[in-house]
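Just need the whole structure built from these sequences, with the hints factored in.
The primary structure of each chain is shown beneath.
2 protein chains.
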Amino acid sequence: MTQYTVSFQPHDKEVTVEEGQSLIRAAMDAGVHINASCGGEGICGKCRVIIESGEVEGGVSEQLSQQDQEKGYRLACLSKVKSDLTVRIPTESYIDAKVLNLQATARKTARIKQLNLEDLKEKGMFVPAVDKVYVEMPVPDGTDNEADVTRLVQALQKDHNEHRLEFDLSVIRKIPDVAREADFKVTTTIARPVREDGKNRIISVHAGDTTERNFAIAVDIGTTSIYGQVIDLISGEVLAQYGDFNSQISYGEDIISRIVYAEKGDGLEKLHSLVISTINSVIGKIIKKSGIDAEEISTITFAGNTTMTQLFLKVNPRYIRRSPYVPAANIYPAFKAVEIGLEVPDHVTALVYPQVSSYVGGDIVAGVMGSGMYQDEELTLYMDIGTNAEVVIGNKDWMVCAACSAGPAFEGGGIKLGMRAAEGAIEDFSVDPATLEPMNVTIGNVRPKGICGSGLITCVATMFEMSIIDNRGKFNRDLETDRIREVDGVYEYVLAWQDVSGIDRDVVLTEIDIDNLIRAKGAIYSGCRTLLSEVGLSINDLDRIIMAGGFGSYIDLEKTMTIGLLPEIDPEKVTFIGNGSLMGARMSALTNSIRRDVVATVNRMTNFELSETQSFMDNYIAALFLPHTEQGLFPKLKKRMDERRRQLGS
Amino acid sequence: MTQYTVSFQPHDKEVTVEEGQSLIRAAMDAGVHINASCGGEGICGKCRVIIESGEVEGGVSEQLSQQDQEKGYRLACLSKVKSDLTVRIPTESYIDAKVLNLQATARKTARIKQLNLEDLKEKGMFVPAVDKVYVEMPVPDGTDNEADVTRLVQALQKDHNEHRLEFDLSVIRKIPDVAREADFKVTTTIARPVREDGKNRIISVHAGDTTERNFAIAVDIGTTSIYGQVIDLISGEVLAQYGDFNSQISYGEDIISRIVYAEKGDGLEKLHSLVISTINSVIGKIIKKSGIDAEEISTITFAGNTTMTQLFLKVNPRYIRRSPYVPAANIYPAFKAVEIGLEVPDHVTALVYPQVSSYVGGDIVAGVMGSGMYQDEELTLYMDIGTNAEVVIGNKDWMVCAACSAGPAFEGGGIKLGMRAAEGAIEDFSVDPATLEPMNVTIGNVRPKGICGSGLITCVATMFEMSIIDNRGKFNRDLETDRIREVDGVYEYVLAWQDVSGIDRDVVLTEIDIDNLIRAKGAIYSGCRTLLSEVGLSINDLDRIIMAGGFGSYIDLEKTMTIGLLPEIDPEKVTFIGNGSLMGARMSALTNSIRRDVVATVNRMTNFELSETQSFMDNYIAALFLPHTEQGLFPKLKKRMDERRRQLGS
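The listed protein sequences correspond, in order, to chains G and S. With my numbering as the guide, the letters of the first sequence map in order to residues 3 to 652. With my numbering as the guide, the letters of the second sequence map in order to residues 3 to 652.
Each statement offered as a hint is correct.
Each pair may be met inside one copy or between any two copies, as identical chains are not told apart.
Capping the alpha-carbon separation at 35 Å, the derived lysine-lysine pairs in DSBU-like fashion look like this:
1) Lys-316 x Lys-291
2) Lys-272 x Lys-290
3) Lys-316 x Lys-272
4) Lys-398 x Lys-316
5) Lys-201 x Lys-398
6) Lys-187 x Lys-316
It should be emphasised that the hints constitute simulated quantities derived from the structure, not laboratory data. Note that the structure is a prediction, hence the values are computed from the model and not measured.
As structure tokens, then:
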């Protein structure tokens, strides 16, 4: 897509955006505040800007007089970038530049960290779990009527130096006709062993040379969503991807309610068949999308949290929610995908990621493997924030991990107007420090309906830096604005009045919401700190942070440090990997070395039940402040806020 | 059962029989001829004997006057032995003793040869394919919440020195509840590897100590019949056995017609599901009969000929009947029995015997293994005569084998009044050399309906020794008896006139029948001779013969040598093993060493396609005589016949 440079005046700030991007989003990314509370539907008419040069599409509205339009005035929320632009923010639409400079840094483009395919190839690690070998077998005659499979095995041994071969029943069924279809020239699909001294298992056979057609499917089984990818095992590329809601969701949004349901009557069978049906639907879509033939799929890899994995495998998760939280198994055998009802050819082998414990699941292990953390020297904090928050700290020699009972705040749970990252969710926010008027950016540029996790973090961080709330998350009662008010004894800030909101009332952020966010971030931060202290290290020893989860890709890194969710660290040392579970599943299809190393890695991952760990409660209570009761842990924020106070005072 | 001694006078011959045995059968076993053509229903009234001491049940009939009855006369065919007896044959009922002495030796009681259980135990070879280990796992608590399966594996390693463990998905499903049912004391079912460095696979887990309850099922998949056994893997004993007709039989009696049917439309699916349904029915019956619980079954072992095995596994047998007769595979992987529709618990592993070629199948390999031939020094001829005849010659170092196109004569096929060994079949026979009157013994002691394989051999051998037929199987046209006659240009002998037969006409044996028998026995004998000559040996080098197949148990050994089916050998060196396929299947459940050695054994078995072997046709033509064109190959018979001629001449 074409990219354009947008320059904002008088701030002299530039940002590069894609064609069609709205000016309000561009301004947010440039760190330029424009009052805009309606979320970008041109309702409030406050986001007036002047296009000094270049071209935008749209931007006009009844809110702008003909005269203003001729002067170049447009509403930023309605304007789409069509060329390089110079945009002037009129005085009424911006605040003092000195203050703006103290605002959020433009969000870093997410850096995707994963085991690099080229690296894998160089290191000889690009050895897919299943590969294909073309064989020309001797044609049987009166002097040689050896069985077809024996003939195949002998040709593989002799001409291809393949040894320790075994084969599936389905190969016996296929080979008589397949071999004779192409004059005994066939392509064998061979599942490679985890260890070099293991067996090479012939799982399928096709007529002629089909070695260039070898595909895998990787699936992330999330509590909320299920994502699948078709992977080309020759090029390593992802050919198609699709995600859908886990249809178990109608039996409860979180893990615990699923477990409760699974314990009732045929609940387990029901949840099992629901997840299988969602997976089958996702598989069907990505096979179609990628244009491959289902018969060409050689393997399918899965990663999910412990409960999702057990439901997927029809294992009763009853004991996962009961102390001492014992899962049925941490390591899963390979099995035929058809065995559990997956609609793939019967030769397809299914691999499921092992896990560490009931609450540090295969999704986390997949991320640790797929990101390469398991073989790195650096002391890394791996964090996956989704419905639950899991944390792994360590390097190639050791790892400690824990699940943090963060609660669902980051997914909008427990927040008065919280919502998932869907259309109408406020995902970004700034505030005019003078007028306390907000700039809301919503997903889909529609009227605000609520606030999602990343919006929540940004709101709270911004308000804290602006001293609109204090370090306990309480609103400054002295501020002169009607946006802060008390309702039924609870203080709240009005993000969008009802007349510009997408719902039938004001969109607000309450002190209770802020308190819930603080508890959530406190649980995660104190979890990290507890793990570190258990191994005699401190937050300052961390070399880098890996953020996984869809959520991680949307958040403003500096703001997560402002609220004390992440420790202060050079943003360059933070990488985002998106869906770590899906990435790990994909990587395990691409390189057998992951399957070889994963069991040892899991065994190296020491699980902590934080509720049973003595220092956790102290750490937790200390973390229930913005950013933390020990301000010294966040020196850059302190410096920034001191500077701000000094500037405002001057 | 109580056994009694019956002494026949004036021949002074004794035989030991079971209580209730008929006197006519006892006479036959003692080598005493009594005229009796009606098959034992008291119709012809010719088999009059005098009970001199002891007691019989029955034996009276309208054919005996009150006076005769008081003198002790009874009809032998109606008399059942109730005590030790002295029986006198009246003059009219017996022929010259000198001649009788030349008659058949009493049939040897079949000696069952198999790998002996005690031997196995002594040699440490009694290691069932699947065994059970009782484990007490540590109970999880706040400081130890390791996964259930990991807990189990660790306890097995620590307390039971079990290593290289892996486990099935079904174990993961069972363990959470099973472990908590008996306070983490469980019994694991472990499938042992074929090689010592292989994996020990945990396939099931039960609450508490159930180590004393470990069972296997062994199944022989025959073209005609399917036999199953429940085996106690602790004692090694067979708890129940049951056989039923293979319900595929309605789609053809022989292998070729089954293959032809399998090639049509959904023929393969149909034949597959038919054999599976018969097996399921047999399994259901033997489980019920043995009183075990299906859940206690650990493994199921199968043996069958190549076509039956392929149909059982749903592998198209199309190429088995087409030159160069290539089977799909000779070695089969272990798999879960439920995978192919067997109605057993899902943990049950199925093992299928490997085979040598399209016509030397897993049933023969099972016999070679189960009889221990594969580990013996002696040069052995293993022979299985059923619908087809297969021959294996060799010892622990090498083996050669072939299928002989014997045709179905031994099962009554191609014989005018041939029938299977069922009620009414003449199974034994002798003839009065003076009158040429027959003594027929039928199965079930009913009127003769036809003649089965063993009866046919006995008839032909007896008539040959009596010079009623010559060495080409032609009747002596000069004999004065109305039992030999010409009908439509074909000579025949009337075994039973219509008025005493069980059918609406005379039961006869024709020269065409005899010719078919000669071709059948010629094919087998020449097969053996060809195999031996291919390895530079001769018939005289054989140390022993193992006869397998139901048929083998019924035949009169000396008579098989008389017709030249078997080479002349000391009868002590011939053993009968009955159903070798079933025995081999059973033994492979009892000792893992068979599974370890069987692949090497199969690889050591060199298959000959006799039709492609040059010397076969010459050998075959030379064998189309009674006993053979080279009389020197049967010196004892020659001596016996010379002696007889001399005696009769004197």
